[in-house]
Amino acid sequence: MPGSYIPTDYFPVAIVILIATLIGLGTLLLGLVVRPRRPYTQKLSPYESGNPPVGEPRTEFSVKFYIIAMLFVVFDVEAVFLYPWAVAYDKLGMFGFVEMMLFIFILLVGYVYVWKKGAFNWE
Amino acid sequence: MLVPLSWYIILSAVIFSIGVFGFLARRNLIIMFISIELMLNSVNISLAAFSHYLQVMRGQILVFFVITVAAAEAAIGLAILIAYYKNNPTIKVDEINLLKG
Amino acid sequence: MKYALIPLLPFIAFVLNIVFGRNYIKDRAHWIAVPAVFGSFVLAVSAFTDVLSGNVININLYSWITSGDFHVTVGFLIDQLSAIMLIVVTSISTLIFIYSIGYMHGDGGYYRFFAYLSLFVFSMLVLVMANNFLLMYFGWEAVGLCSYFLIGFWFHKKSAADAGKKAFIVNRFGDFGFGLGVILIFLTFGSLDYMQVFGQAGSLLGQTIDLFGYDVDLATLICLLLFCGAVGKSAQIPLHVWLPDAMEGPTPVSALIHAATMVTAGVFMVARCNPLFNMSEIAMNTVAIVGGVTAIFAATIALVQNDIKRVIAYSTVSQLGYMFLALGVGAYSAGIFHLYTHAYFKALLFLGSGSVIHALHHAKHDDEQNMQKMGGLRKHMPLTYRVFIIATLSITGIPFLAGFFSKDEILWRAFLGGELGRFLWLLGTIAALLTAFYSWRLIYLTFHGSYRGGEGQEQHIHESPKVITVPLMFLAFGAIFAGYVGIPPLFVEHGDKIGEFLAPVLGHPEGHGTHVQEFFVMGASIFVALAGWIVAYTMYLKKTDLPQKIGSLFKPIHTLLFNKYYIDELYSRSIVQPVLKASDKIILAFDTYVIEGIVNGLPNLIGLFSRKFRTVQTGFLANYGLVMAFGVLCIIGYMIFVR
Amino acid sequence: MDFGAGFSLIDIRPLTPEITMICTGLILLLLDLVVKKKEAIAVLGIIGTIVAIFATYRLYAFNETRSIFLEMFALDGYANFFKIIFYINVILTICISFRYMKIEKASIGEYYALLMFATTGMMIMASAADLIVLYLGLELMALSTYILAGLMRKQRKSNEAALKYFFLGAFSSAFLLYGISLTFGLTGTTNIQDIAGLVSSLSIADNAIMHLAVVFLIVAFGFKIALVPFHMWAPDVYEGAPTSITAFMSVGPKAAGFAVLGRVLFEAFGDMQIMWSSILVPLSILTMAVGSIIALAQTNIKRMLAYSSVAHAGYILLGIIAGTTDGLISSVNYLMIYMFMNMGAFAIVIMLRSEGFQGEELEDYKGLAKTNPAAAALMLVFMFSLTGIPPTAGFIGKFYVIMEAINAGDMYLAITAVVFSVISAFFYLRVVMYMYMNDPKETVILTKSPSMTFALALTTVMVLVLGVFPSVLLNLVRSSIIS
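Going down the list, the protein sequences come from chains X, Z, H and B.
Counting from 22, one number per residue, gives the positions in the first sequence under the numbering used here.
Counting from 660, one number per residue, gives the positions in the second sequence under the numbering used here.
Counting from 12, one number per residue, gives the positions in the third sequence under the numbering used here.
Counting from 165, one number per residue, gives the positions in the fourth sequence under the numbering used here.
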């Protein structure tokens, strides 16, 4: 169908997203409407297991979070190649299998390296 | 609801331009970085659109690669930023000019 | 192809010595250098026999640069001329290398010495064997560079370093002319290959070139430019000043570079370019006159010098003058013949003086080159004395030694060369008289009489070791017999083998004289040789107070000669001092305006832009991105609006 | 589209050199975790590279053309020749970094692994017959070099260099992608050879969008080879990065950039030669001008060499602009020569670095001839070569590109090149003058090592030998490219 591109295959997905959003928002709105509202100081203070709150509520995240996040992104995104490979597995056959094993092996080396370097250690 | 190819290409061009503008105009390294991602993704849009329009898979294959490379790039970019930030407590681009001339 | 090894062997020796010399080879450097030059000599002999059997080898080894019609090739031409040069260069080099083992023994830069010397031999061989002007120019510059290194070999000695610089700078003048000449040849003939250039030499006749509004004969211009280079390299008037100073280098260097080979490169070059020089009467006469005047001029200076090496150096300048005289009157083969015999007896003189210096050095003599402080060495160094006598007999032209034949040939050819030739012949004959005088003066001052050096040194003077004396004997053999390849037809029909051998390249000299004339010329030269000898004998052996008297009688002349006609002072005053030496300020100015001017001054102008422009590089990432984006926009704009 | 029919395991064979390099890199990465002596890792890196050289040499005839993976990856003389440049480049880099990285306290195994990865990226670029593969190779190279530039994590200059290189590099690769996307949209393929056919069969050689695509591609490649005005990163990154990496970057990515520039412009857009050469002409003039002029005001030798490297890109471009095979040959020839002389010069710069002495300022070279005559003599050779004085190889390189410019009728371009070449002599010879005519301020102690000696010997010998026997290299290039 040259000239236009309508992703009809994804209409169900769109509908699901739409319904999910509506339900989520709807319940929240419903709660807002029906629940009673009687605020006082103690009730508004953040809940910290019953202890009085200490320090600023907004603290900087440790840089370690970033490292973990970065590693996650890298390893996560590589799944992008696994999916089409799995779909076309029958056609690719042995060759595809060897290729994918190589790919995963390289990822594994990276994983081992990161692990041994201690990037996963929190301390 | 027919969306002509040109719309996709124009969208892509607009997002690309926004990305370029963001890269040039913003002074925060993170925002600049996001602008680059924007540029890459605008290319993805046009590639996917071309690919579908021409019924040639190569465009979409390239999209896959762009996504993964962008992820790797993001990781490395952040790593470089962190390394930089450890020695220099700023990510304001106006304050980075130790090397010049 | 094997002949490519002739220059290559010394080059390999150079590379090995310079790379591994300092740490590994050290004082074993001669084990590499000597076999290498000897190998070259063997190959040169084989090349010579090849040429003798009628082959002329002209091979292009490879193209250095090829681009369209523009070719620069590296190739060798071994014809009669270069074959003789090869024999001279390699044989003398071999002997001098062996000599250096003894002479340079224990010197800190032993490996360096052999490395440079090998590089010199390589360059000289390239110069000689080249088959095009560019390669010859390469060799020409390279021998100059080596000479510069070797003169300043003892660079911690200020006089040596200065002498090196002087040689370098003086040669710049000559080489500049030579370079221009080569460029002019390329522009005229569209090629630098000898065969092509010489083949078209005839077309030069009558061609003129517009130079600053004057029509100048093209052939004359080219030849005079080339001759400029020869004047510099072969130390002719007025660029002779560097050669005597060059004696600051080690004696083997003086012998090899500044007597036997490099300084004769100018003679070789003019002979090589004879097809061009034949096109210009003016250029030929210039060559002859410069040669003749230099011959007598340098000889007069040599009369009164006291430094043993300087006397020989001026003698070299004078003998080179003879060679140019011969070339100038069209007797190319006579010039080359003299080059060949001169190489032997002059190398012998230098090495002999080196032997003397070496002996005195070991005897802790404090002024080891001053002849006035020598004397009576005959009994301590009998062998050195004997070879010195042979060399002196040869150089003064005593019949049936090498120098006699070649010098006689030159004078005879000059005599036949018209009015100018007669005049030059007269100059040459007078120079021969002076030569005989100063040569014997050297002998008598050095070897005869009584020792005039310091107390307690005399018993320490010994004959030099075998490694020094054996090369001397070989050279002495050459100084006696080298001339028998050019016996005048007067004595032996077809005796002038060398002239006939060289004829294919250099042509036959013109002019014929009667036997009577020839006997007259020969007799005159023998007469002056003997006269000079007798005068020296009387003055320095019989009536030793005579030199003093004559000296004071002709004090102004003596002073003038002793100070070498004040040429150095003249140059220093007229050229060097006004620019350089007027005061320290000017040196400073020279540094700031000339050196810095070249390196910084013009750049300062550009540097002004540079400093302005470099501020564009602000160091800010955003600006860099902006420049990039602006660049893209400019290109797109250019695409839209310009194209 | 049936993938199954197109592929088989035998297809992997031509990839042997790349796989060897990648595996070497991975092994180095893992070994770094257990081996304490980093020199061992470096040696292994050299061995791996030698194995890859052997693979390149043995695989097929040097200039035999093969293409695999649906013609996405090509193995031909052109690619092989560039690979040789990359191999020598990486070996020389490792050789000159042994002691240096220790002094910089950055002697870590990753360094060598990343060198391997970056080199693999360049090799893939040289072999890329498809824009997708080209992009991947380029990114592999770029990402590795970003990290390498910032390897000295404790030094602010190194941080900043990496930061700038990364941001501008990512910016430029977005342009590359946009160019690829437009090309793909217009022709429907990413295969370089097919593009050429389609450009003529669809007659889009005059299409404005096509031109835009070519412009974007030139911008992206121009960034890698540091063409003005896309060169802004180069001086800063060259100065800030570890010197050994500066040496590596000044040759490898530049050569790889030229490899893809040559292949894409000549093969894919050969029909549009008039268009792209009209863009490259002003770029090349600007590049020579900016490189030669701004270098004069520099006081830091790394920065000076950075500008010199910019200027050289301008000269190399002359051969490409000529648009003929001979022009391409002259450019490739220049690149090889440039590698030797540039690596040599950087090797000397690295030798000056010692514990507690930076040795990066021009002033540090004053009187080097008196304190270290051998090093000064070598530096003299390299500076002469970079200037282009015969009989060094630099003269040959310049001579041929300028000759090609003349042959292509760009007389003014040739004259410009000569003029800027003369200007560049000022700053190269200034180094020589500092070394030989000034008195030393302080005694410079050189950091010597056997591997450094090897690197210097190789570069010096090549600079001199290629200066005397240029035809050896030139014939090799010619036989590689014409195949």
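Misleading hints may appear alongside valid ones.
[Stated by the list, open to error] Okay, the calculated beta carbon distance ranges per label pair:
hint: 1; chain 1: B; residue 1: S635; chain 2: Z; residue 2: D753; range: 22 to 30 Å
hint: 2; chain 1: H; residue 1: V653; chain 2: Z; residue 2: A672; range: 51 to 59 Å
hint: 3; chain 1: B; residue 1: T229; chain 2: Z; residue 2: L670; range: 36 to 44 Å
hint: 4; chain 1: B; residue 1: P604; chain 2: X; residue 2: F124; range: 37 to 45 Å
[Stated by the list, open to error] To give an idea of the chain B side of the interface with chain H (calculated C-beta under 10 Å), a few residues:
hint: 5; residue: D196
hint: 6; residue: V198
hint: 7; residue: S336
hint: 8; residue: V379
hint: 9; residue: I458
hint: 10; residue: G487
hint: 11; residue: D574
hint: 12; residue: Y576
[As the list claims (entries may be wrong)] No farther apart than 25 Å at their CA atoms in a straight line, the calculated lysine-lysine pairs in the BS3-like style are these:
hint: 13; chain 1: H; residue 1: K168; chain 2: B; residue 2: K266
hint: 14; chain 1: Z; residue 1: K759; chain 2: H; residue 2: K168
hint: 15; chain 1: B; residue 1: K605; chain 2: X; residue 2: K137
hint: 16; chain 1: B; residue 1: K266; chain 2: X; residue 2: K138
These aren't lab readings, by the way, just hints derived from the structure by calculation.
Built from N, CA and C at the ideal position, the CB exists for glycine as well.
Hint-by-hint comparison with the structure:
Checked against the given bound of 22 to 30 Å, the beta carbons of S635(B) and D753(Z), roughly 54 Å apart, lie outside it. Evaluation of the 51 to 59 Å hint for V653(H) and A672(Z) yields a failure: the beta carbon distance comes to about 23 Å. A C-beta distance of roughly 41 Å is found between T229(B) and L670(Z), which places it inside the suggested range of 36 to 44 Å. Range check, P604(B) to F124(X): Cβ separation about 56 Å, and the 37 to 45 Å hint is violated.
Checking D196(B) against chain H: minimum C-beta separation of about 32 Å lies over 10 Å; hint violated. Here the hint on V198(B) is broken, as its CB sits about 37 Å from the closest CB of chain H, past 10 Å. The beta carbon of S336(B) is positioned within 10 Å of a beta carbon in chain H (closest approach about 7 Å), and the interface hint is therefore held. Interface hint at V379(B): satisfied, since its Cβ lies 5 Å from the closest Cβ of chain H, which is below the 10 Å cut-off.
Among the interface hints, the one on I458(B) holds; its C-beta lies about 5 Å from the nearest C-beta in chain H, closer than the 10 Å criterion. For G487(B), the interface hint is violated, since its Cβ never comes within 10 Å of a Cβ in chain H; the closest pair sits about 16 Å apart. Hint status for D574(B) relative to chain H: violated, with the closest Cβ pair at about 15 Å, above 10 Å. Residue-level restraint check for Y576(B) is violated (minimum Cβ-Cβ distance to chain H is 17 Å; threshold 10 Å).
Under the criterion of a C-alpha separation no larger than 25 Å, the hint pairing K168(H) with K266(B) is inconsistent with the structure, at around 42 Å. For the suggested pair K759(Z) and K168(H), the alpha carbons sit about 47 Å apart, so the restraint of at most 25 Å is broken. Taking the CA atoms of K605(B) and K137(X), the gap is about 48 Å. The hint is violated against a cut of 25 Å. A hinted pair counts as satisfied when its Cα atoms are at most 25 Å apart, and K266(B) with K138(X) qualifies at roughly 20 Å.
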